[in-house]
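Start from the sequences, fold in the hints, and give me the full structure.
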Amino acid sequence: MDRPRFRAVFFHPRFWLLWLGLGLLWLIVQLPYRALLGIGRTLGAGMYRVAGERRRIAARNLELCFPEKSAKERKHLLKENFASTGIAFFEMAMSWWWSKPRLARLAHVEGLEHLKQAQLEGKGVILMALHFTTLEIGAALLGQKHTIDGMYREHGNPLFDFVQRRGRERHNLDSLAVEREDVRGMLKLLRAGRAIWYAPDQDYGAKQSIFVPLFGIQAATVTATSKFARLGKALVVPFTQERLADGSGYRLVIHPPLTDFPGETDEIDCLRINQWVEASVRECPEQYLWTHRRFKSRPPGEPKLYEKRRR
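FYI, in the working numbering the residues of the sequence shown are 15 to 325.
If you're looking for bench data, these hints aren't it; they were derived computationally from the structure. The C-beta atom is built at its ideal place from N, Cα and C for all residues, glycine as well. Hints may be right or wrong, so weigh each one.
Only pairs whose alpha carbons sit at most 20 Å apart, straight line, appear in this in silico PhoX-like list of lysine-lysine [stated by the list, open to error]: (1) Lys322 to Lys310; (2) Lys247 to Lys137; (3) Lys114 to Lys159; (4) Lys221 to Lys202; (5) Lys241 to Lys202; (6) Lys202 to Lys137; (7) Lys93 to Lys83; (8) Lys318 to Lys221; (9) Lys130 to Lys159; (10) Lys130 to Lys221; (11) Lys137 to Lys83.
Derived CB-CB ranges, DEER-like [as the list claims (entries may be wrong)]: (12) Phe25 to Thr56: 31 to 41 Å; (13) Lys89 to Tyr320: 27 to 37 Å; (14) Arg205 to Val64: 30 to 40 Å; (15) Trp40 to Pro115: 15 to 25 Å; (16) Glu316 to Pro115: 30 to 40 Å.
Structural data, given as C-alpha cells:
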C-alpha cells in the first residue's frame with residue numbers, strides 16, 4: 015500500500031468533531047505514563063457499565079474458557095479486562111504521538127535474536143501474534159527494534175485511517191502495510207525474507223477454517239498459517255506481549271521458531287497453534303480481547319454458544 019498522505023478534504027466540517035476528539039486525546043497522553051494507566055482504568059470501568067452487549071460477550075467467553083473459576087472470580091476478571099481495554103485506548107494514542115525515545119523506555123524485549131537470525135538467513139517470518147489489548151503499543155515497540163510488516167484493513171473514516179496508519183508506520187519507515195485480502199502480496203514479502211505480523215486467534219468463519227479444541231471447545235481455526243508458511247517458505251515465530259503489573263512498561267517475547275511446521279496435516283498444525291494460544295492467554299487473561307465472539311462458528315449439529323443480540 016502507498017504511504018498515508020494528508021489531504022485537503024480533512025479540513026471539511028464533517029471532520030471537525032474528530033479533529034476535536036483527536037486534539038483532546040493528544041493533550042491527555044502528554045500526562046505521565048502511570049497517570050494514563052489510572053485514567054485508562056477509569057475509562058474501562060465506565061465502558062463496563064455502558065457496553066452491555068460487549069460485556070455479555072466477554073462474560074460468556076470467560077464462562078466457556080474458565081469453568082473452573084467461580085462466578086465471583088470471573089466477574090473480577092471481566093472487570094479487569096475492561097480496565098485493560100480502557101488503558102489500551104490511551105496506549106494506542108501513545109504509540110501514535112509519544113516520541114520514540116519516550117516509548118522505547120517502556121520496552122522490555124526478549125528473543126530478538128530469533129528475528130535477526132532469520133533475517134541473516136534470508137528467511138521470511140510469520141510473526142504469530144494474538145489479539146491482546148496491548149496490540150497497538152506492542153507492535154509500535156517491536157517495530158522500533160525490527161522491521162515488521164502488518165496486515166491492514168482500511169478504516170471507514172479516511173481521517174482516522176490517515177492518523178492511525180501514520181502513527182503506526184512512523185516507528186519504522188521500512189515497514190509496509192499489506193491489505194488483509196492481498197495474499198499474493200503477503201507471500202511475495204515472505205519469499206523476499208521479510209517479517210509479517212499475523213494473528214490466527216479469531217473466528218473468521220467455518221469456510222476457511224477447521225474445528226479443533228481451544229479451551230476444551232471446538233473452535234473454528236484458520237488453516238492459513240500453515241499455507242502461508244508452506245507457500246512463503248517462511249518460519250513461524252510466536253510472539254507474546256504483556257503489560258507489566260508494576261507499571262514499568264511491556265514485556266515483549268519473540269519465541270523460537272516452531273519446529274517441524276507445517277506438519278503432516280492442517281488438523282495437527284491448528285491444534286498446535288490453539289494449544290499455544292491457550293497457554294499464552296492463560297499467562298495474562300485479563301489482557302486478552304474477550305469481546306470477540308471466538309466460538310460463533312459451530313460444527314454441524316452443535317448449538318450456538320452466544321445469545322442473540324439484544325435490541
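Taking the hints in turn, this is what the structure says about them:
1. A threshold of 20 Å between alpha carbons decides the hint, and for Lys322 with Lys310 the separation of about 11 Å falls inside it, so the pair holds.
2. This hinted pair checks out: Lys247 and Lys137 have alpha carbons roughly 7 Å apart, not beyond 20 Å.
3. Between Lys114 and Lys159 the CA atoms are separated by roughly 11 Å; this keeps the pair inside 20 Å, and the hint holds.
4. Restraint check: the Cα-Cα separation between Lys221 and Lys202 comes to about 24 Å, which exceeds 20 Å; the hinted pair is violated.
5. Among the hinted pairs, Lys241 with Lys202 is consistent with the structure: their alpha-carbon atoms are about 13 Å apart, no more than 20 Å.
6. Straight-line distance between C-alpha atoms of Lys202 and Lys137 comes to about 12 Å, which keeps the hinted pair within the 20 Å bound.
7. Note on Lys93 and Lys83: the hinted pairing holds, with a Cα-Cα distance of about 15 Å set against a maximum of 20 Å.
8. Distance check on the hinted pair: Lys318 and Lys221 sit about 17 Å apart at the alpha-carbon level, within 20 Å; holds.
9. Between the alpha carbons of Lys130 and Lys159 the distance comes to roughly 10 Å, so the proposed pair stays at or under 20 Å and holds.
10. With a C-alpha separation of about 36 Å, the suggested pair Lys130 and Lys221 falls outside the 20 Å cut-off, and the hint is violated.
11. Restraint check: the Cα-Cα separation between Lys137 and Lys83 comes to about 43 Å, which exceeds 20 Å; the hinted pair is violated.
12. Taken as a hint, the range 31 to 41 Å holds for the pair Phe25 and Thr56, whose Cβ atoms sit roughly 33 Å apart.
13. Checked against the hint of 27 to 37 Å, the C-beta distance between Lys89 and Tyr320 comes to roughly 18 Å, which is inconsistent with it.
14. Checked against the hint of 30 to 40 Å, the pair Arg205 and Val64 fails, with Cβ atoms roughly 47 Å apart.
15. Between Trp40 and Pro115 the beta carbon distance is about 18 Å. The supplied range of 15 to 25 Å therefore holds.
16. A beta carbon spacing of about 52 Å between Glu316 and Pro115 contradicts the range 30 to 40 Å that was offered as a hint.
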